[in-house]
Amino acid sequence: MQQNHIYKKIFDVFLQIDNSWILKIIHNFTIGQKIRYGYILSLSIAVLGTVGGLIVGDFYQRPARQQKDSAQYELQLLHRLQTAILQTRNSQQQVIAVITHKPKLLHHQYADFAKYALELKNLWSEVETHVNSEKYQHENNSEGIPDFLKAHSRIKEEYISQVEKLMAEIPANYNFKLEDIEPLQELLVKFSSSSIALEYDLIDDDLNHVINASYQDEKQAEVALSDAETIRFKIVATSVLLSIILAGIVAHYTSYLLTAPILAVTKVAKRTTEELNFNILAPVTTKDEIGVLASSLNSLIQRLAQYTDELELARETLETRVDERTHELTQALNSLKQTQTHLIQTEKMSALGQMVAGVAHEINNPVNFIYANLSYITNYTNDLIALIELYQKRYPQTEPAILKFTEDIDLNYICEDLPKITNSMEVGAQRIREIVLSLRNFSRLDEAEMKSVNIHEGIESTLLILQHRLKSKPGYPEIEIIKEYGNLPAIECYVGQLNQVFMNILMNSIEAFESQGQKCSINRNKIATNIINIRTQITEKDWVRISIQDNGIGIREQVKSKIFDPFFTTKPVGEGTGLGLAVSYQIIVEKHKGYLRCISELGEGTEFQIEIPISQR
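Here the sequence shown is numbered in the working numbering, starting from 477 and rising by one per residue.
No lab work stands behind these hints: they were computed from the structure.
It should be emphasised that the depicted structure is a prediction, and the values quoted were computed from it without experimental measurement.
Virtual Cβ for every residue (Gly too), placed ideally from N, Cα, C.
Each statement offered as a hint is correct.
Ranges of calculated distance between the beta carbons of each label pair, as one might list FRET restraints: (1) Ser991 with Arg1011: 21 to 31 Å; (2) Asp893 with Thr1005: 33 to 43 Å; (3) Lys710 with Pro622: 30 to 40 Å; (4) Glu634 with Ala713: 56 to 66 Å; (5) Arg791 with Gln992: 53 to 63 Å; (6) Arg1011 with Arg1032: 17 to 27 Å; (7) Asn849 with Glu954: 33 to 43 Å; (8) Pro622 with Gln552: 12 to 22 Å; (9) Ala590 with Val527: 52 to 62 Å; (10) Asn858 with Glu1016: 52 to 62 Å; (11) Arg791 with Ser1091: 52 to 62 Å; (12) Arg1011 with Asp886: 50 to 60 Å; (13) Gln548 with Leu642: 33 to 43 Å; (14) Arg1011 with Asp893: 41 to 51 Å.
When you get a sec, could you build the whole thing from the sequences and use the hints?
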């Protein structure tokens, strides 16, 4: 597994080499230089590959050898530590026998214990230094030396300390009487069986486990070294083989660099003569003799292609000019048609406005005369009724002929009904005056100047004119108008044209209701009628917004994107020009520098938002 990883690493490094600069240098060589340098490069690759294999093999062998040396040193250090531990314990235990048989040698025994204890401390410190070294940290160790040192360091120090304390309690002259020896023996025996002494004895057992693990690491290091030597041999053999293969590839590539340009020039020359295709050029990849030949051939082909392209360009230019001219004429014709239709529509609306204004003026005069005389008729009627009542009170005994005539004509009913008749005549005359006033306000289409007006009056005039379209008819219910007017100042606008926009949008909603038929749903015995909601408000930056929203079926997305296009209509042929909303858009956007938006989703109704500035200055 490790061997495959090494091979993969070598090939990855080889593939990542950037060879673009090599190609640039080769392309500047002559044919003789390419042949000469090709042989030199092939031999150099063979030599360098062999030397490189030896270096790489040594690189992988050296860590394995170092790991084995480290394992042997560690094993030697642990054996020395074990010897020091045993000697220290043995010298402490021999104190009992020395006190019993040779008390005068007690100071020699104590000196031996101090020497072994010092050696133990030094070896313990040496092991700790080895474990904390950077080299040990980077190695893969399994013997658990750090855990061993951490677990028994306190026990070692405490054991030595208590032995030294115990030695200090023995008299310095070492002249013991028989009765003094027995207590000392008991004291030493008691210490030998103490918990700290027993724990100290366990150090050797744990150290044996560590040493056994170190032997395993040494064996693994020997195996790793053997594997590294095998890998080194394989790397060297592989590098030699790869060097031979690369040398062959370089030789083949050198031959390819020589023959490929010649074959490419020959192929281009043959195709050019056979196919008469002057767009094919010979690749100029070198600057040698073959590159010069390819450049000369390309120059000849380019001159022939230039003449051909000039002829083709002249033909395409002529066709393009004809297409552009045709397109311009088509656009001009469509624009003229749209302008003509708009002018006709404007002229029709202007003539209609003049006619409506004239008719309203003619109707207004007699209506004013009637309305003015109604007050006199009312007063005279009241006076006559009062006179009759006074006459009946003064002369209750009426002649039979008069009494019969009053009964025949039902005088009491006439006196009661006549004021109602005059009052209804006054209401009707007032209604005629309001309609005439609305017609006059709406028909101001010929006003060419902007004026500051109350747009609510224009909306009311439009609604009054369309009143007959809002009433219920067979097939659909009455259209309810909900007005939510804001507190707007006088708006500077073209009054007649803005009224025309209101008319077009309201007519669009009314016709939508009529086309969808009776739009009523029974819900808890209540009928939901068609509703048009008109809202006005002031927005930011001194602009005013007029929103006209209905609860109809809405507009499909593909239709909504075209509703402001001229001549677009969803009505049957002959029932609409498709100019209503297009003209409205032009009036709001171009004439009043505002915005006209349509917000609609199928099944959710339609809302038209008109936004215009309060002042056009």
